[in-house]
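Asks: These protein sequence lines map, in sequence, to chains A and B.
Going left to right, the first sequence walks through residues 1 to 705 as our numbering numbers them.
Going left to right, the second sequence walks through residues 1001 to 1171 as our numbering numbers them.
Each statement offered as a hint is correct.
Every beta carbon over 12 Å from chain B, so not counted as near; a handful from chain A, in silico:
{"#": "1", "residue": "T60"}
{"#": "2", "residue": "A92"}
{"#": "3", "residue": "G158"}
{"#": "4", "residue": "R195"}
{"#": "5", "residue": "G223"}
{"#": "6", "residue": "F231"}
{"#": "7", "residue": "G259"}
{"#": "8", "residue": "D260"}
{"#": "9", "residue": "E296"}
{"#": "10", "residue": "W353"}
{"#": "11", "residue": "Q479"}
{"#": "12", "residue": "L487"}
{"#": "13", "residue": "L524"}
{"#": "14", "residue": "L527"}
{"#": "15", "residue": "G633"}
{"#": "16", "residue": "G702"}
Some, not all, of what chain B presents toward chain A, calculated at C-beta under 8 Å:
{"#": "17", "residue": "D1030"}
{"#": "18", "residue": "F1035"}
{"#": "19", "residue": "Q1098"}
{"#": "20", "residue": "Q1108"}
{"#": "21", "residue": "G1148"}
Across the chosen pairs, the derived CB separations fall in these ranges:
{"#": "22", "chain 1": "A", "residue 1": "G702", "chain 2": "B", "residue 2": "D1063", "range": "30 to 40 Å"}
{"#": "23", "chain 1": "B", "residue 1": "N1127", "chain 2": "A", "residue 2": "A355", "range": "50 to 60 Å"}
{"#": "24", "chain 1": "B", "residue 1": "P1024", "chain 2": "A", "residue 2": "H198", "range": "45 to 55 Å"}
{"#": "25", "chain 1": "A", "residue 1": "H314", "chain 2": "B", "residue 2": "N1127", "range": "50 to 60 Å"}
Derived from the structure by calculation, the hints contain no laboratory data.
Ideal Cβ placement from N, Cα and C applies to all residues, glycine included.
Spelled out from the first residue to the last, the chains are:
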Amino acid sequence: MSAPVPGPYDLAPPTERDYFARFGPGVVIILPARRPGPTEWGRGGPPHGGAWIHVGEDGTTRAFTGKVEVGQGTRTALTLLVAEELGMPLGAVDLTMGDTDVSPWDMGTFGSRSMPDAGENLRTTAAAAREVVLEIAATTLGVPKADLAIADGRIRTGTGSSARSVGIGDLVRGLHRIETITAPAQLSQPSGWTRAGHPTANLGGREIVTGTRQYTSDLRPAGMLHGRVLFAPQYGAKLRSVDLSRAAAMPGVTVVHEGDFVGVASPDFLTTRAALKAIRAEWDTTPQPSEGGIVEFLRQHPAEGEDSWDLIHHVAGDVDAALAAAPVTLHETYTTAYIAHVPMETHAVLAAWEAGRLTVWMGSQTPFRARDALSDAFGIPESSVRVVVPATGSGFGGKHAAELAVRAARLAKAAGRPVCTVYTREEEFTQAYFRPMAVIDVQSGAEKDGTITAWRFNDLNAGSAAARLPYKVTNQQIQNQPAESPLPQGSYRALAATANNFARESHMDELAARVGVDPVEYRLRHLGDDRLAAVLRAVVHRAEWTPHAGTRARNPGPVRGWGVAVGLEKGGRVATVAEVSVHEDRRLEILRLVTGFECGTIVHPSNLRNQVEGGTIMALGGALFEAIHFENGRILNPRLSEYRVPRFRDVPRIDIVLVDRPDLPSEGAGETPLIAVAPAIANAIYDATGRRLRSLPLVPDGTVP
Amino acid sequence: MSQAERVAQPRASSRLRVNGVGHPIALDRDRSLLFVLREELGLAGTKYGCGEGECGACKVLVDGVAIRSCITPVGEVVGRSVTTIEGLAEGDRLHPVQQAFVDAGAFQCGFCIPGMIIAATSLLARNPNPGEEEIRAAMDGNLCRCGGYLRIIDAIQRASRSSGAAGSGAP
Chain A
1 MSAPVPGPYD LAPPTERDYF ARFGPGVVII LPARRPGPTE WGRGGPPHGG
51 AWIHVGEDGT TRAFTGKVEV GQGTRTALTL LVAEELGMPL GAVDLTMGDT
101 DVSPWDMGTF GSRSMPDAGE NLRTTAAAAR EVVLEIAATT LGVPKADLAI
151 ADGRIRTGTG SSARSVGIGD LVRGLHRIET ITAPAQLSQP SGWTRAGHPT
201 ANLGGREIVT GTRQYTSDLR PAGMLHGRVL FAPQYGAKLR SVDLSRAAAM
251 PGVTVVHEGD FVGVASPDFL TTRAALKAIR AEWDTTPQPS EGGIVEFLRQ
301 HPAEGEDSWD LIHHVAGDVD AALAAAPVTL HETYTTAYIA HVPMETHAVL
351 AAWEAGRLTV WMGSQTPFRA RDALSDAFGI PESSVRVVVP ATGSGFGGKH
401 AAELAVRAAR LAKAAGRPVC TVYTREEEFT QAYFRPMAVI DVQSGAEKDG
451 TITAWRFNDL NAGSAAARLP YKVTNQQIQN QPAESPLPQG SYRALAATAN
501 NFARESHMDE LAARVGVDPV EYRLRHLGDD RLAAVLRAVV HRAEWTPHAG
551 TRARNPGPVR GWGVAVGLEK GGRVATVAEV SVHEDRRLEI LRLVTGFECG
601 TIVHPSNLRN QVEGGTIMAL GGALFEAIHF ENGRILNPRL SEYRVPRFRD
651 VPRIDIVLVD RPDLPSEGAG ETPLIAVAPA IANAIYDATG RRLRSLPLVP
701 DGTVP
Chain B
1001 MSQAERVAQP RASSRLRVNG VGHPIALDRD RSLLFVLREE LGLAGTKYGC
1051 GEGECGACKV LVDGVAIRSC ITPVGEVVGR SVTTIEGLAE GDRLHPVQQA
1101 FVDAGAFQCG FCIPGMIIAA TSLLARNPNP GEEEIRAAMD GNLCRCGGYL
1151 RIIDAIQRAS RSSGAAGSGA P
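Just need the whole structure built from these sequences, with the hints factored in.
Replies: So this is what it looks like as structure tokens:
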């Protein structure tokens, strides 16, 4: 019988949390979380995730956040901020992320909020911890607080022969002190930073290169079973009958059949696989929409969308009148395909029950929401569920769902043993959700000199991100409309921003060509954001942009083209210049991408560069060739041999220009660097060939049509 | 034959040499080398990514050459020397290719990295000074979804330049 497990910290008052039993004596500083009500999601700014920090007598500072690390490098960036504010060496700060028993509540790791939210919360908490530690030191050393300095985990006072110092761990020895932050803390100035803002190697490299880092799919507790789930062969299928007798007769196999759920588990991976194959199931199917005609299908199936917080309906001036009066008008439709996240580590869950309490290890981007889902599914209190996020082999917005966790936990409950369930790659394609397809209509009007006077922008099915104009236009109407998608769809890295930015920046290029103005000059003329204009100028300078108006197609023969696009989303500013070559056989070659990015204060420059570079490469796939194909409820290409993602040979020369603004708060960088890639390439193809491509992916077979 | 009988049936056995150590293993057509490494030998550094040899996350060295363990029946490598990511470092001293990946910061989520390092080690054993195009061609069977390709190329070039990489490519 194990000792009673204390409830999750976020559900208990600070005085009832066992900080000191768990982490030893010291000082705890708490920044309370503000948890939103159900109607608050997405309104009035993001919910406040809170943070807490335990300064231990062992000299280690433990910081806690509900955000998770799935490869984006925030563990190192956030640890840097705590170390910087608290004057601790990086190695003395231990950051716990995404463990629902000890982390502050958090809505989830999405929307590029880790740096602006968790970063700010942890900084604030660390700054408050520094002040508490200095106060204790002032009393202990008998000197005014103003005469103390904190650095490298020690507090120093005096100079020369009168110099004294004490380690932070020694200062808090034996204390059981909890402080809740009520007033804003004095944050350090980035200009004086010695750790943050400077090149730092990401944490955990040695474990990664030696293969010892344990991802969820690598966990093997004693007695663990391998689980598999019987999935429907197509969307909309209902289980009519199932014969489990052969699977149930296999030695060591647990079979679970509850309603529509059928799953098997056994101690041996291959036996589990054989048991799943031995199940005979019959399904009732109904016809499902297919890829052909999907644009019309979405137009004919608008969803109510009243529940959706992701709605924009922005109107200024009189668009109809401005369009009627405009000497130049343009009306075009742009589309983006359904695409898959394809995380290298497929969804994996390890579920274990002990004395009625459920613990689930999973690569979740929303561990607290997973806790809610598990609590609902099993009718047990939230406090009886713990979700832990181990190292995770990427997410890209694809790891928000908790269905697999519920299934693994059902198997574990029935078997009375821990169960690990890992999607096969085919299951990853067919059971996950996709980036929504987008259909975007843009209607514009301009004066003869090119000045845009009217802008109507309708996004169907993608969402509102990046739909707003970064350009000054008097008459504008911008809205989005959800649709009944035939495929499951959900969060994705730079989801709607990619679609809306592709439509807007392609359309801007079309207008610039129509009125005979250089695409860079045309954007600068209309831009209403100085920060974005500065990024655009930096990028065209690096790219050695040659001003030109309209297409410079020179046929026949291999031709080169240059295209530009900008974007403003989630507080980040991005500009990309693409240089392409279209060969005589129409094959498209990307020669160079130059991406400039500005996200306020740079906390972790080498990781930021890695994010911008990696995001640019990920965006190449959706821009050029990635697409999910489907017919009557089936995914036709659920394999890596059939669904193409960027490989080594697809990667062009990439130049990154980072603009640091230490005078501005840090914004996220995981998404916005992607959103100018596709339109820059489309615009470069137009420059090279005179051919305007308005659908992503641009060149599914590698050639320009 | 029922599934139950097939699973319970006695299997031929042999010895598999992994990271210098011999292990008794059962031979069975549907048992991949990846399965044996991860589930029977507890060597979880070698990853499952796709099961069809398309992503390279499962690569290991067999007699110094990178192969895809997910599509390699274990019987094919009996009597040969298998090196996994866990077998590259000598004690606390990283293999030069591992060290180069750390130095280049060539990782994000890290899940593809064991397979990348194995593929790079195999390449450098065959070609100690590969040009960038040779690196891209040799590594094209390894996927990184985080988009770390350019840093990985940088890491392989660093490993190529560092002394010892050329000589110790094939353990």
